[in-house]
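Trainee: Sequence:
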Amino acid sequence: MNNKRKNDVNVEEITIGKIDQHGLAEFRALRLESLKTVPEAFGSSYEDEYTFPEETWKSRIPNMLFAHYRESLIGMIGFLVRSRRKTSHVADVFSFYVSEKYQGNGVGKKLIEEVINAISRNSDVRKISLSVSSEMEAAIHLYSKFGFQVSGKLVNELNINGKFYDEFIMEKLLW
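In terms of full-length UniProt numbering, the sequence shown opens at residue 1 and continues consecutively.
Relax, there's no trap hidden among the hints.
Subject to a maximum C-alpha distance of 30 Å in a straight line, what follows is the list of computed DSBU-like cross-link-like pairs (lysine-lysine):
no., residue 1, residue 2
1, K109, K172
2, K109, K18
3, K110, K58
4, K110, K153
5, K58, K36
Treat the hints as calculated values from the structure; they're not laboratory data.
Work the whole structure out from these sequences, hints included.
Mentor: Structure (structure tokens):
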């Protein structure tokens, strides 16, 4: 993420919510943009996801929240409560991205706030977990502001064109 403002945004005009299948093409475009722009921030790659069939994109929509600004999707964040009995108290956050030209305007903050609120509505969830590239200092700082703490490090977790990246595991306890 970049702290430099690229586009002044009236934060009051940003809404966070779901999309239906009519927003599928815009979701796909935003996701592919994220994979091209900051490949070190995601475990998946542009090359892998570009070939996904429409059904794969449709299946992802229920687990995503989107930032809307003036009829455009400008950010996204995914979350999923684990379904296995022993880990059903944990929710995972993933695919967090704000379009480059909207970074530094509070969009990411609104997405994080809303995903924490959405997860917190499930009274069984005790912990939120995520992973973040150790080089994504702005993202780490933002997560820390919301009470996430580094609980582990995955060394050489991603290999992008021969360069290896470490990832931090960050967690937030809810109760």
